[in-house]
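Asks: Go ahead and model the full structure; you've got the sequences and the hints to work with.
These protein sequence lines map, in sequence, to chains A and Y. Going letter by letter, the first sequence gives residues 489 to 897 in my numbering. Going letter by letter, the second sequence gives residues 496 to 851 in my numbering.
Do not rely on the hints blindly, as some may be mistaken.
[To be verified] Chain A is nowhere near these chain Y residues, computed Cβ spacing over 10 Å in every case:
1) Trp529
2) Ala542
3) Leu577
4) Thr656
5) Trp657
6) Arg659
7) Ala678
8) Ile682
9) Phe706
10) Leu719
11) Ala828
12) Glu830
[Unchecked claim] With a straight-line Cα cutoff of 25 Å, these simulated DMTMM-like cross-link-like pairs (lysine to aspartate or glutamate) come out:
13) A:Lys528 <-> A:Asp573
14) Y:Lys790 <-> A:Glu584
15) Y:Lys790 <-> A:Glu680
16) A:Lys747 <-> A:Glu874
17) A:Lys729 <-> A:Asp750
18) A:Lys556 <-> Y:Asp538
19) Y:Lys511 <-> Y:Asp736
20) Y:Lys790 <-> A:Glu596
21) A:Lys541 <-> A:Asp797
22) A:Lys816 <-> A:Asp847
23) A:Lys541 <-> A:Glu718
24) A:Lys528 <-> Y:Glu705
25) Y:Lys790 <-> A:Asp573
26) A:Lys556 <-> A:Glu660
27) A:Lys556 <-> A:Asp725
28) A:Lys816 <-> Y:Glu830
29) A:Lys528 <-> Y:Asp736
30) Y:Lys790 <-> A:Glu660
31) Y:Lys790 <-> A:Glu648
32) Y:Lys790 <-> A:Asp598
Because the hints were derived from the structure by calculation, they are not lab data. Cβ coordinates follow ideal geometry from the N, Cα and C atoms, glycine included.
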Amino acid sequence: MYLLIHRPKKSSKSVCRRSNIALIFVSVVTLVGCDSRIEKFDPNEVFSLTLAKSESVDMGQAQEDVTKVIETLFGTPESPTWPQDLISEETLVQTERLRRAAGGVSSEQDGTHLGLFQEHCVVCHGVSGNGRGPASQFQNPYPRDFRPGIFKWKLTDRAEKPSREDLRRVLENGIAGTGMPSFSLLAQDDVEALIDYVIYLSVRGELERRLLRISVSSLGYGEEALSDGERLQFPGDEQSKQVIVSNLERIVGQWVAAKDPDEEQRLISFNILEDDAGISRGRELFHGKIANCVGCHGVDGSGGVATLDYDDWTKEYTTRLGISPNDKDALQTFREVGAHRPRPIYPRKLKNGVLRGGDDPVRLFQLIRQGIAGTPMPGVTLVNEENGKGLTEAQIWDLVSYLHSLQDK
Amino acid sequence: MTARDSTESYTTPPAKSVHRLAVLAVCMVWPLIWVGGLVTTYDAGMAVPDWPGTYGYNLFLYPLDTWLLGPFDLFIEHGHRLLGAFVGFVAILILFFAHRHEPRRWVRILSIALLGMVITQGLLGGMRVVLSDRTLAMVHGCVGPAFFSLCVATAVVTSQTWRRARGDLNDPQHGKWNIALAASVLILSYTQGMLGARVRHILPDALPGEFTTTVAQHISVAVLLWFLSVAAFRRFRGCGDLTLARPVLVLLISITVQIALGVGTWVANYGWPGILGSSIIQAIPGASQYLIQAKGFWDSIVVTAHVAVGSLILAVSTMLILRLLRTRYLAFAAESADSDFERQSESSVSVGQAFS
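Replies: Spelled out as structure tokens, the structure:
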């Protein structure tokens, strides 16, 4: 007590100086080591909440179990694993490439780069490929969320996965007018490793979504807490394993089935592009009732049509749940777990505008035919003969000719 | 009345060697910041995984051909370390010559601080590698400009201009508001550097809101700095003292260029910002079709120049505030000497009268 009372008082300057030093020390200690390792992928809480709202169930237990299963199968951002033992396909993703793309950024004496995803992609696409990287809010459209397994720019059919070549084209060409860079200066091995890692994140994320959905629809999660024996586990009982493996096989199978169309077949009508008659027919189709491109893209593709629509990624937790994209209060709970604020999507200005999918005629043909997955841009019905209900292959080429001609005007 | 520094004696010869070495340090540290910026731009901070050696070699014995002809990442990272080490040697020489020739105690202390800071900076860089820690890389990136600023301060206070400076209380340049203006520019320049380092070294798992807030702060401070630099330019441009007028002109030009480089940096990294609106983007030639090129050479030069010019702004702000404080100090010293002289005169007159 004596000591407490009679301890000599420090001058206020000295106390202030010491507290400043302490503050700096604490700040440095707190800062250092914050980012040494990213231990886990974020669970897909937005989709969990979507299911919780749509099914009126509690997703806590399902989320916990699915996250454990996914982590067991796919590892962590620092140490990813590919569940090769569970699938028959052997070439889709190579573990060695995964390891090169994962983890922190570094390079070796021979110039081999490691941590490629963190180096090139994570700032926009996020650690788990959820499209919520630190810089994602500045991108319009938002960076792709790989987890639903839906990709815009591809030559495969709308409902199909992109082929490996599709992903390579996007990486090498970039997407002009957006935040997606061209990685054409990267070594080919680096690009291949990134492709593997994107497929890995997509398969991982899609399986997570499927298991979350199945856990509510078929496994009895949500109403009341399940006992240990009833819960989804890996390695677990036969039923768990069967659910997990069958869904994994299905997703992987879709990726394996996605092939680039045959080159010769794609170039079959290439020579019609310079044909004035084709351009004229294409213009007629563009403004006609069947294709009705004018309805969104404006007269002669000049844009300016008032439309109000949103891309599919945000519709999942808005319009499909009966929530208005403008209802901030209703969206607040989704925003809190990481959902992006819905943004309107605008039809592209085609006249001297940027064709984000590329202006290669073959790609334009495919975009007209299939539409653009994840957006309101519809495909057309392909018919063998003109019947007023769809477009023939020749008519689509006419439209391509016309679109190409718009770029020169 | 004007006065030179009345409280500091120059009985020993002026320490020209310290000034020359300090200028050498300034000339070496700016390229060092360029190379360091390039290391971050190319994500080459971990191109050499060991420290203080390079792939098992002593830093200075690493084979030249492997360094010069090897991968670009290794070239810039090892080059950054070598240049940093040479700056360290210069700091040792500054300390040595300051303690031999410099009469002012506080300048000798400054030389100790200089060496201490370069050692700290080296350790931070080393720990960033050993711990593979991105946050430490950010701290390293923040200390670099501060060290550059300290080198500039050493060069300024050991210069002839500093010794020849005169202060006059009737001069309005070193009034309180001007000092406050220059201090604000200095503080905001450094804050801006830290915000920029945070944007550049953002952690992969940072929330989008965190990044957005930092970018918004970075832009706001840039705008504020530009207005302050305009205000400083208007106040000092015709003051008749070139040691003040020139730095404010350089400051205004640098901050204007820096804002342009900032826009370039953003575009090189993230494309044209959608916030500008499609009509503005359409109006800028090539903007709507702009394609970002990952690891593009010119892009990386723009991004790195943004870092380097930021340090230059800090250095010029340091020079400005030091020169202002110097003239203010001398003006007050002269005033105080005048008062003493008058008191002494009055007392001499009284004594004279007593003896008359």
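Asks: Now look at each hint and say whether the structure bears it out.
Replies: Do the hints match the structure? See the list:
no., hint, in the structure
1, Trp529, "holds (20 Å)"
2, Ala542, "violated (5 Å)"
3, Leu577, "holds (17 Å)"
4, Thr656, "holds (33 Å)"
5, Trp657, "holds (28 Å)"
6, Arg659, "holds (35 Å)"
7, Ala678, "holds (19 Å)"
8, Ile682, "holds (16 Å)"
9, Phe706, "violated (4 Å)"
10, Leu719, "holds (21 Å)"
11, Ala828, "holds (25 Å)"
12, Glu830, "holds (27 Å)"
13, A:Lys528 <-> A:Asp573, "holds (22 Å)"
14, Y:Lys790 <-> A:Glu584, "holds (24 Å)"
15, Y:Lys790 <-> A:Glu680, "holds (17 Å)"
16, A:Lys747 <-> A:Glu874, "violated (29 Å)"
17, A:Lys729 <-> A:Asp750, "violated (37 Å)"
18, A:Lys556 <-> Y:Asp538, "violated (33 Å)"
19, Y:Lys511 <-> Y:Asp736, "holds (23 Å)"
20, Y:Lys790 <-> A:Glu596, "holds (18 Å)"
21, A:Lys541 <-> A:Asp797, "holds (22 Å)"
22, A:Lys816 <-> A:Asp847, "violated (38 Å)"
23, A:Lys541 <-> A:Glu718, "holds (23 Å)"
24, A:Lys528 <-> Y:Glu705, "holds (20 Å)"
25, Y:Lys790 <-> A:Asp573, "violated (37 Å)"
26, A:Lys556 <-> A:Glu660, "violated (35 Å)"
27, A:Lys556 <-> A:Asp725, "holds (15 Å)"
28, A:Lys816 <-> Y:Glu830, "violated (65 Å)"
29, A:Lys528 <-> Y:Asp736, "violated (60 Å)"
30, Y:Lys790 <-> A:Glu660, "holds (12 Å)"
31, Y:Lys790 <-> A:Glu648, "violated (32 Å)"
32, Y:Lys790 <-> A:Asp598, "holds (18 Å)"
The structure is inconsistent with the numbered hints 2, 9, 16, 17, 18, 22, 25, 26, 28, 29 and 31, although it conforms to all the rest.
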